[in-house]
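If you're matching them up, the sequences are chains A and B in order. Counted the way the UniProt record's numbering counts, the first sequence spans residues 1 to 334. Counted the way the UniProt record's numbering counts, the second sequence spans residues 1 to 302.
A portion of the hints provided could be inaccurate.
Claimed, not checked - Derived lysine-lysine pairs resembling DSSO-like cross-links, with alpha carbons at most 27 Å apart: (1) B:289 - A:210; (2) A:30 - B:191; (3) A:125 - A:210; (4) B:289 - B:217; (5) B:84 - A:125; (6) A:80 - B:156; (7) B:217 - B:191; (8) B:289 - B:191.
Keep in mind the hints are simulated off the structure, nothing from the lab. What you are looking at is a predicted structure, and each value in this text was computed from that prediction instead of being measured.
What follows is each chain in one-letter form.
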Amino acid sequence: MSLAFGTRKGPGTGATDPAAPSTQHLLRRKRRREAARTLAFLSPWLIGFGVFFVYPLVSTAYFSFTQYNGFGSPTFNGLKNWNYVLDELPTFWQGLRNTVWLVLVMVTLRVAFGLGIGLLITRVKTGAGFFRTVFYLPYLAPPVAATVAFAFLLNPGTGPLNHLLGELGLPQPGWFADPNWSKPALTLLAMWGIGDLMVIFMASLLDVPKEQYEAAELDGAGPFQRFRYVTLPNVSPIIMFAVVTGVIQTMQYYTQAIVAGKVASGIAGNSGQQFEPGFPQGSTWTLPQMVYNLGFQRFNYGAACVVALVLFAISMAVTSILLRRRSGFMSSDD
Amino acid sequence: MTLSSTPTLTEARPGASRTGTAAARAARRRAVLHWVAVHSLAIAAALFFLLPFVFVFLTSVMDDQQALTTDYWPTSWNWGNYGKVWDTPGFLTWWRNTLVYAGAGTLLTVVSSLPVAYALAKFRFRGRNLALMAVIAMMMLPPQVTVIPMYLFWAKQMGLGGSLWPLIIPMAFGDAFSIFLLRQFLMTIPKEYVEAARIDGCGDLRTLLRVVLPMAKPAIAAVALFQFFYCWNDYFGPQIYASNNHQAWTLSYGLESFKAAHHTNWNLTMAATLLVMAPVIVLFFFAQKAFIEGVTLTGVKG
Numbered sequence: 001m002s003l004a005f006g007t008r009k010g011p012g013t014g015a016t017d018p019a020a021p022s023t024q025h026l027l028r029r030k031r032r033r034e035a036a037r038t039l040a041f042l043s044p045w046l047i048g049f050g051v052f053f054v055y056p057l058v059s060t061a062y063f064s065f066t067q068y069n070g071f072g073s074p075t076f077n078g079l080k081n082w083n084y085v086l087d088e089l090p091t092f093w094q095g096l097r098n099t100v101w102l103v104l105v106m107v108t109l110r111v112a113f114g115l116g117i118g119l120l121i122t123r124v125k126t127g128a129g130f131f132r133t134v135f136y137l138p139y140l141a142p143p144v145a146a147t148v149a150f151a152f153l154l155n156p157g158t159g160p161l162n163h164l165l166g167e168l169g170l171p172q173p174g175w176f177a178d179p180n181w182s183k184p185a186l187t188l189l190a191m192w193g194i195g196d197l198m199v200i201f202m203a204s205l206l207d208v209p210k211e212q213y214e215a216a217e218l219d220g221a222g223p224f225q226r227f228r229y230v231t232l233p234n235v236s237p238i239i240m241f242a243v244v245t246g247v248i249q250t251m252q253y254y255t256q257a258i259v260a261g262k263v264a265s266g267i268a269g270n271s272g273q274q275f276e277p278g279f280p281q282g283s284t285w286t287l288p289q290m291v292y293n294l295g296f297q298r299f300n301y302g303a304a305c306v307v308a309l310v311l312f313a314i315s316m317a318v319t320s321i322l323l324r325r326r327s328g329f330m331s332s333d334d
Numbered sequence: 001m002t003l004s005s006t007p008t009l010t011e012a013r014p015g016a017s018r019t020g021t022a023a024a025r026a027a028r029r030r031a032v033l034h035w036v037a038v039h040s041l042a043i044a045a046a047l048f049f050l051l052p053f054v055f056v057f058l059t060s061v062m063d064d065q066q067a068l069t070t071d072y073w074p075t076s077w078n079w080g081n082y083g084k085v086w087d088t089p090g091f092l093t094w095w096r097n098t099l100v101y102a103g104a105g106t107l108l109t110v111v112s113s114l115p116v117a118y119a120l121a122k123f124r125f126r127g128r129n130l131a132l133m134a135v136i137a138m139m140m141l142p143p144q145v146t147v148i149p150m151y152l153f154w155a156k157q158m159g160l161g162g163s164l165w166p167l168i169i170p171m172a173f174g175d176a177f178s179i180f181l182l183r184q185f186l187m188t189i190p191k192e193y194v195e196a197a198r199i200d201g202c203g204d205l206r207t208l209l210r211v212v213l214p215m216a217k218p219a220i221a222a223v224a225l226f227q228f229f230y231c232w233n234d235y236f237g238p239q240i241y242a243s244n245n246h247q248a249w250t251l252s253y254g255l256e257s258f259k260a261a262h263h264t265n266w267n268l269t270m271a272a273t274l275l276v277m278a279p280v281i282v283l284f285f286f287a288q289k290a291f292i293e294g295v296t297l298t299g300v301k302g
């Protein structure tokens, strides 16, 4: 909509030509049309936001104070669900502890490994395209397929990895079947799919100005010092991004943990047997699995909603760290 | 994004010192050693990333007896295993369901997310930053947080339990991650293009379709790919809504119970695993560039 060629008239001219709308009137009409246009463009998401975000969130909060199993209607029972989850459900705390373990070990190792692979790939001269594709490929494997594959590769009976370790005279852990090794096994799986981090680290490493390396070299800096004083400061925003998104992904950690448990335990649903997540011995419990278990296996919707709210609170707290770095993450043109 | 260029960071340039001085020879020897070290590491890493595929493949063609042993190498190559998996009851249905879910989901997501992303990137209005924050909050929300009321809504009120519709329909209302990614890209289109189109008398919708859409093709391709992969890989959604109906299962959901449900050995399970992996990997090779661009678009605005 352009006003440039329209009837642009001073405030006084309206009187001489009563048929022409005043500038103010035009402006107001324009503003109203712009608001309608904005609303129209946003409408799919505005509906989605209301129906798939606000409504279920309010509803989850409400259910957390009620007793409800899907039949009849929810009845208010105060803080009972909260007390139950926080005091009488040891697996809740176990799930939180597992999540902390995954954040400390899995996220850290993934970020370090992603940076390492990124550094490596920017230095490869011969066959760079081949190596890049090979390093990236496992990231594309669907999580369920990758987990089933690893459940086979790491199975203590016939798995090729343990066979290999045995031939080398190394200890053969039980991996997904051993409570002490199930999280390391999941970590190994997560490091195999490093492709996403490799790509963003590679992009930022290529953006480091070459002059800085040359200057550092002239000053007599060795490879370690160049990494410490040139590379690291330049990629630190990406490290921060990788850590925060890694923590958010860990809060949502579900598919790999539940599939690994199911395949390793030999109970894979379907046959009427119900699989309780966390196998072996609760070592792979995470909060999302608890929502599933409480809600869809035990039909205790109230307790499931308590866990969902805790999950929501933690996720939003982590997200707010990301948002505080507004400048980069939400680049704005004004 | 220049992925193809490999930078020379620290290496001494061979040929730059043909004088044959001791220093130059030492520098060249260092460069050669550096080359060897880097490429040995790269080969070691490549083995780590490739060997799982290799072992899965080798096991997938073993016969039933050998698949119970610790052998690495198949004594006979049973390509028929793939046929057996293909003929397993349900496998074709899972394929069809997965394609419907991923195809319809991707199409709906792109169509509904583009206008929203455009408005967030190019319109000025009050509450725009708030809207953007809401998009990000939605993007970071674990699906489990809202699943109880959503399940009750779809299964009890809409009667759509046992189908994939509760997963497909919401995608007609914009997907937060796609909106965010498209918006990041649309921000980079100079507003002169949009203004020029407006002066030429294009309405907003026409501007979006005729001017912005052709320029945003790489971002749209990336968003479409991501969404396709998301649907293809989704496990939680089908588990919640379709687990009680075999006819509605997807590949990702069916694969997990493949071994137990069909009383099969590891060889058939690994063949099925490769059959689930293959389409996304083939798709990646056709659309590598768009995909890598998309990954960087999400993160590198640091």
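Here is what the structure says about each hint:
no.	hint	verdict
1	B:289 - A:210	holds, 25 Å
2	A:30 - B:191	holds, 19 Å
3	A:125 - A:210	holds, 17 Å
4	B:289 - B:217	holds, 12 Å
5	B:84 - A:125	violated, 43 Å
6	A:80 - B:156	holds, 25 Å
7	B:217 - B:191	holds, 17 Å
8	B:289 - B:191	holds, 26 Å
Hint violations for this structure: number 5 only, all remaining hints satisfied.
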